[in-house]
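Peer 1: Using the sequences and the hints given, assemble the complete structure.
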Amino acid sequence: MTLNKAEPGSGEHDAADDYVPSQRRLDRERYQRARARRATAIGALSTLVTAVVLYLVVVSAPGWPRTKETFFDWGYAREALPKVLEGLWLNVRLLLVCGAAVLVLGMLIAVARTLRGPVFFPLRFLAAAYTDFFRGLPLIINLMIVVLGVPALRLQGVTVDPVLLGGTALTLTYSAYVAEVFRAGIESVHPSQRAAARSLGLSNRQALRYVVLPQAVRRQVPPLLNDLVSLQKDTGLVSIGGAVDAVRAADIIVGRSLNYTPYIVAGLVFVALTIPMTRFTDWVTARMDRRQAQGGAT
Amino acid sequence: MHPAPRVLRRAAAVVLLAAAVSCAPQPEEAGKPSSSAGSACQKGELATRTSDKLTIATDEPAYEPWFKDDEPANGKGFESAVAYAVAGQLGYAKDKVAWQTVPFNKAFAPGEKTFDFDINQVSVSEERKKAVDFSTGYYDVRQAVVALKGSKAAKAKSIADLRGVKLGAQVGTTSLDYIDAVVRPTQAAAVYGKNDQAKSALKNGQVDAIVVDLPTAFYITGAEVTDATIVGQFEHQGGTPEQFGLVLDKGSALTSCVSRAVDALREDGTLAKIEQQWLSDAVDAPVLK
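Protein chains in written order, with our numbering: chain A, 1 to 298; chain B, 1001 to 1289.
Treat the hints as calculated values from the structure; they're not laboratory data.
Wrong hints could be hidden among the right ones.
Said to hold, decoys possible - Selected chain A positions facing chain B (Cβ under 8 Å, derived; list incomplete):
| no. | residue |
| --- | --- |
| 1 | GLY63 |
| 2 | ILE145 |
| 3 | PRO151 |
| 4 | GLY157 |
| 5 | VAL158 |
| 6 | PRO162 |
| 7 | PRO223 |
| 8 | VAL244 |
| 9 | ASP251 |
| 10 | LEU258 |
To be verified - Stretches of chain A that chain B covers, calculated by requiring three or more beta carbons in the stretch to come under 8 Å of a beta carbon on chain B:
| no. | stretch |
| --- | --- |
| 11 | 65-73 |
| 12 | 230-241 |
To be verified - Keeping only pairs whose Cα atoms sit at most 30 Å apart, straight-line, the calculated BS3-like set for lysine-lysine is:
| no. | chain 1 | residue 1 | chain 2 | residue 2 |
| --- | --- | --- | --- | --- |
| 13 | A | LYS233 | B | LYS1203 |
| 14 | B | LYS1043 | A | LYS83 |
| 15 | A | LYS68 | B | LYS1129 |
| 16 | B | LYS1194 | A | LYS233 |
| 17 | B | LYS1129 | B | LYS1194 |
| 18 | A | LYS68 | B | LYS1068 |
| 19 | A | LYS83 | B | LYS1129 |
| 20 | B | LYS1129 | B | LYS1155 |
| 21 | B | LYS1106 | B | LYS1129 |
| 22 | B | LYS1106 | B | LYS1096 |
| 23 | B | LYS1076 | B | LYS1094 |
| 24 | B | LYS1157 | B | LYS1289 |
| 25 | B | LYS1106 | A | LYS68 |
| 26 | B | LYS1106 | A | LYS233 |
| 27 | B | LYS1149 | B | LYS1053 |
| 28 | B | LYS1289 | A | LYS83 |
| 29 | B | LYS1076 | B | LYS1043 |
| 30 | B | LYS1068 | B | LYS1273 |
| 31 | B | LYS1166 | B | LYS1289 |
| 32 | B | LYS1094 | B | LYS1250 |
| 33 | B | LYS1053 | B | LYS1152 |
| 34 | B | LYS1130 | A | LYS68 |
| 35 | B | LYS1157 | B | LYS1203 |
| 36 | B | LYS1203 | B | LYS1152 |
| 37 | B | LYS1273 | B | LYS1096 |
| 38 | A | LYS83 | B | LYS1194 |
| 39 | B | LYS1203 | B | LYS1149 |
| 40 | A | LYS233 | B | LYS1166 |
All figures in this text were calculated on a predicted structure; none of them were measured in a lab.
The beta carbon of each residue, even a glycine, is placed where N, CA and C say it ideally should be.
Peer 2: Structure, rendered in structure tokens:
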């Protein structure tokens, strides 16, 4: 609370010694404290009531005992957790490798799409065709084709490992999404920035590298994180090729026991993985903003 | 001050509302018929989902040799024939049977069932009985190993020979349990959502062999992956045969009637006749020890 601080405009720090708050001000502060307490109390009460209502609605539902047994069985949760974590390791590795590949490939495609000059037309066309195609193609079909179809060609030297193939399919689809995020970011930088950079004697490439991209990337962190979280969840789809990821590990136990608790465990594990990622990006964004503010404001 | 009582009044109203909501839902038993009516099993008068009709569920696509032409209602294929025989035993003529498509995994989800029973090659186990009701078994099933002809896995003569082989199976099947519990391979098994994906992985050399139930193995090697062969079948584990059962809602009033119908069909030889007609292939495959 800032109530005890000197009022703005009431004087400098050295004048605070002989400052005596007026009765009027003390009254006002007391009133404000009372209002704040009241707001907190109402907030707490209303939260409590909401929680109780939700609890009662769920628990008194006719199917609750059955649902509780099937979705929240502690024994199955304990059995599932180590297997789910083992599977999650596959998801994490896929996320790291595909995430890096997607960022690089997405950036290349976005830059290719924003190149100017007639000589680059084929490149622009190819980049546009790529994003159109892979953004439109359902990921699951892409995965089926790559994971199940490519080995059917029996090409020499091409892997049949479902994880590598699945990772390739994920990279193909996600780099198309991410390329669009990058392109939107690049195009969101005002043309005057590019013009100013060119007028300073920077080449087109230098303008892109030193002026446009740094501004663009900063704006793209939240949507990029969105795509990364989405990628993280979709890494599980490589299980169509037979690999056992966190969700499939849960599937295996569910199939045997017909108890769905392992799905809850797998779901929570993914959420737990996402939250640190979000906080990390928040931190990166905040740091970038601070730097920009320092550079820009003064 | 005036506002406080109003807040109290509002809070009281919310609490009362909460109490009212918590009392509102009907107890589950309200809609169910009494148990005495259920145990009578009067022909054609069971407390089915849709009165006067027996609703039977299975997944789509429905595979051979369990069904024929992906058409459960045609009475052809082992499970279709069994379903109609059970319906007949319960007093429902062929035109009183309604088929329904229910995905394998959804058949076990809690919540109201839309079918009277589900027939989908579901193995009975004590653990699964905690989630659903099963009829008595209508088929003793054995698991079999399928590999490409000429491959290392195809030459296996014993379970030990399979240990170093990359195996695959469908998730949620006892086939997968056999890999983990009986073969215990050195490489983790590949686990597929559907047998179709396991088959294509076998064709593509992503796995050396897959485990499926014996009739399915005969169908795969006979019609679908013709350059594959049945390596052998497993013995029953722990003495009790693995059986397929009809799946009913947990606590269903029909369970005892359906079980009785299955028992009657087994005793009068109908089940054996149906098995002979549709699964006659599934007899001799070398037993892996």
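Peer 1: For the pair supplied as a hint, LYS1289 of chain B and LYS83 of chain A, confirm whether the alpha-carbon distance does not exceed 30 Å.
Peer 2: 29 Å, holds
Peer 1: Compare the distance between the alpha carbons of LYS1166 of chain B and LYS1289 of chain B with 30 Å, and conclude whether the hinted pair is satisfied.
Peer 2: 18 Å, holds
Peer 1: Just to be careful, I want the Cα atoms of LYS68 of chain A and LYS1068 of chain B compared with a cutoff of 30 Å; is the pair within it?
Peer 2: 39 Å, violated
Peer 1: Would you check the hint for LYS1106 of chain B and LYS233 of chain A, treating anything up to 30 Å between C-alpha atoms as holding?
Peer 2: Holds: LYS1106 of chain B and LYS233 of chain A sit about 22 Å apart, inside 30 Å.
Peer 1: Can you confirm whether the C-alpha distance between LYS233 of chain A and LYS1203 of chain B stays at or below 30 Å?
Peer 2: 29 Å, holds
Peer 1: Is the interface hint satisfied for VAL158 of chain A? The criterion is a beta-carbon contact with chain B at less than 8 Å.
Peer 2: With a closest approach of 11 Å, the VAL158 of chain A hint is violated.
Peer 1: Hint check: is the beta carbon of ASP251 of chain A less than 8 Å from a beta carbon of chain B?
Peer 2: Since the shortest Cβ distance to chain B is 5 Å, the answer is holds.
Peer 1: Would you mind confirming whether the straight-line C-alpha gap from LYS1129 of chain B to LYS1155 of chain B stays at or under 30 Å?
Peer 2: 38 Å, violated
Peer 1: Given the hinted pair LYS1129 of chain B and LYS1194 of chain B, is their alpha-carbon gap at most 30 Å?
Peer 2: 23 Å, holds
Peer 1: Report holds or violated for the interface hint on ILE145 of chain A, using the least CB-CB distance to chain B and a cut-off of 8 Å.
Peer 2: The hint is violated - ILE145 of chain A has no Cβ within 8 Å of chain B, the shortest such distance being about 12 Å.
Peer 1: Closer than 8 Å, Cβ to Cβ, for at least three residues: run that test on the stretch 230-241 of chain A against chain B and report holds or violated.
Peer 2: Held - the stretch 230-241 of chain A has 3 residues with a Cβ nearer than 8 Å to chain B, which meets the minimum of three.
Peer 1: Take a quick look at whether LYS1194 of chain B and LYS233 of chain A sit within 30 Å of each other, Cα to Cα.
Peer 2: Given that 30 Å is the threshold and the Cα spacing comes to 21 Å, the pair holds.
Hints 2, 4, 5, 7, 14, 18, 20, 27 and 33 from the list above are not met by this structure, while the remaining hints are.
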